[in-house]
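S.K.: Okay, here's what each chain looks like letter by letter:
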Amino acid sequence: MTPAMAGVSRPIRVVVAKAGLDGHDRGAKVVARALRDAGMEVIYTGVHQTPEQVVETAVQEDADAIGLSLLSGAHNYLFPRIAELMKEKGMDDVLLFGGGIIPEEDLPALRTHGVERIFPPGASLEEIVAYVREAVGRKRGVTTHGKER
Amino acid sequence: MTVEKTRTKTQKERWLDQTYGPATARHAERKERFSTISDEVIEPLYTAEDLAGFDPERDLGFPGEFPYTRGVQPSMYRGRLWTMRQFAGFGSAEDTNRRFHYLLEHGVTGLSTAFDMPTLMGRDCDDPLSRGEVGREGVAVSSLDDMEVLFDRIPLDEVTTSMTINGPASIIWAMYLAAAERRGIPAAKLGGTIQNDILKEYIAQREWIVPVRPAMDMVVDTFRFGSREVPRWNTISISGYHIREAGSTALQELAFTLIDGLEYVKWGVAAGLDPSDFAPRLSFFFDVHNDFFEEIAKFRAARRIWAREIERRYHPSSERALLLRTHAQTAGVSLTAQQPYNNVVRVTLQALAAVLGGTNSLHTNSLDETYALPTEDAVTLALRTQQVIAHESGVADTIDPLAGSYYLESLTDRMERGFQRYLETIEGMGGMVAAVERGYPQREIVEAAFHFQQQVDEGEKTIVGINKYATAEEARIPTLAIDPDVERRQVERIQRTRAKRDAGRWRESIDRLRAAAKSKGELMPAFLECARAYATVGEQVGVLKEVHGEYHDPGYF
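These protein sequence lines map, in sequence, to chains A and B.
If you count by my numbering, then the first sequence holds residues 1 to 149, one letter each, in order.
If you count by my numbering, then the second sequence holds residues 1001 to 1557, one letter each, in order.
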């Protein structure tokens, strides 16, 4: 991934993704709108993407983060698969987070796969925007060796 | 009449000036601006003045008479209660068959089938894209083998069955007809509904297969076949539910759904069908959300608008073509994961609104549905909610009890005026198919969903347990777990089906389907033959995609 140039803060680029056959896209679109209104560059994949397509989009778009929305019950397959593909491509500096209907008991396992945070139904847009800003900043900070961005 | 209205108006103004104004100047109201959940402004008081131009004889009529504002049946719930139809489906065909028998034993009066995502998207359970999704959000049905198990020991000539499926609706319907045929039940005796509403898939739900125009031809094909061969079947359930769940306002739900309906009728007529034959088999399906009066108004306005539009356009010889018969489901999107027991109260209010709106059939959601498909106990409580409303509250004992309320009638009129504005815009684009192709309703819905979420975030709209009265400790409720082994067993079954079927007959049926799709011939007879030959959903959908191409999400946001 291209490290951010010192002294220049390029806008945060986020891929908002829907994977699998799940068509529930209200949350994904509302979050995409909120991130865009907050000054980020948002690429929305549309529904029915494979994990490979999601990760490929993130590579092509040089994204800082992938936000995956899932309400289909297939999270225990799709999140780990995307995390695995990201690892294969060396995308350690890219944030993976999510939202949707994920039972509490499934969260610890997803965290060990590198899904840092999952927003449940009822999360506020403000909270999500603040998190993405903070977490991407943190990732950029680490990968640019603490350089001032 | 005129004199009285003028006097009332001045009386309302007098009240506003002399009583209400000074009082609210001293003590401000709870909010600066009151509005419905759809953000329509609500005035402090409604009087006869707000019903200027309202003519009860013309605008309400009587139950069972034009324009059906007060209900499509002459005696409404005094004659027969609404159908209590609980949507169910999970895991394997065996699991769902057991749930069907359980529901019938507990008093449901109609079945309603939820299919899993692979089936809804026309994919077999062993398709790579189905991984992790088999049996999770509904039941997996890949071939006639599954369909026979699903309806095992269910009296198909006595119970009506609704099947919520759209892109592959014809294929699944053909499997149901073939299952009945094998049990010796004639098609003419079967009653039920296929959702088959493809327009709202592009607008909101996203379970499509092929592009919109060939998909519309498939819908018209079911109208033709149904009126000829399965006359008791509702060949479509024109659905606002998913439009609303995707974030639309009540008015958008109403308008887009009815304009979808008008588009189907237009396509049917263009294909040479008589609306008097097929329009009586069109049924509707609406959401019922939290805003009590707005929802009641929506149902009443829907019946009146539909009757007026169909009469104005087609003057059908059959009066039944004018009737908007509808199913309703409480709003899944209104349920909260936090403080889940509150959901029981929401569902009760929503169900009451649907009944006061005169729905013909109702599904009540279960309290646990933000987590998973419902448990048996949760489903039973949801059904009991309907039974308490029906038998204990007394609301079903007189017809359309809220008619004449200044507030309700002005909301009903406002809905009708709002519909007319959307109708003009969409007809200006060339109708709903053209509007969908340019993403118009899709964008309107995203706009409304975003606006609502902002209002919640800013505290203008309250969700109890979320942005007010939130608690740190949450009640834990039991949830339904889907057996992870379902996918493996389902894959084994489809492999057995493919191995044991008559390969020659299967090949012929697939070729016949391809020929019919290419020549724009009748499709239902070809789907029926495919079902009998145990062709799978994925194989048949594969043929359709090969002929018509696939549809991809343009991703409007």
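To be clear, the hints were calculated from the coordinates, so they are not data collected in a lab.
Note that beta-carbon positions come from the ideal geometry of N, C-alpha and C, so glycine has one too.
Heads up, a few of these hints could be off.
[Stated by the list, open to error] Stretches of chain A that chain B covers, calculated by requiring three or more beta carbons in the stretch to come under 8 Å of a beta carbon on chain B:
hint	region
1	44 to 56
2	69 to 75
[Said to hold, decoys possible] Label pairs and their calculated CB-CB ranges:
hint	chain 1	residue 1	chain 2	residue 2	range
3	A	11	B	1500	31 to 41 Å
4	A	61	B	1469	49 to 59 Å
5	A	61	B	1157	54 to 64 Å
6	B	1391	A	11	57 to 67 Å
7	A	11	B	1395	49 to 59 Å
S.K.: Each hint: holds or not?
M.R.: Each hint, compared with the structure:
Only residues whose C-beta sits within less than 8 Å of a C-beta in chain B count toward coverage, and the region 44 to 56 of chain A has 6 of them, enough to reach three; the restraint holds. Chain B is given as covering the region 69 to 75 of chain A, and this holds because 3 residues of the stretch bring a CB closer than 8 Å to a CB of that chain, at least three being needed. For residue 11/A and residue 1500/B, the Cβ-Cβ distance of about 58 Å falls outside the hinted range of 31 to 41 Å, so the restraint is violated. At about 41 Å, the CB distance of residue 61/A to residue 1469/B disagrees with the hint of 49 to 59 Å.
Look at residue 61/A against residue 1157/B: about 56 Å separates their beta carbons, and that is inside 54 to 64 Å. Restraint check, residue 1391/B to residue 11/A: a C-beta distance of roughly 60 Å satisfies the suggested window 57 to 67 Å. Between residue 11/A and residue 1395/B, the C-beta spacing of about 55 Å keeps the proposed range 49 to 59 Å intact.
In this structure, the earlier hints numbered 3 and 4 are contradicted, and the remaining ones agree with it.
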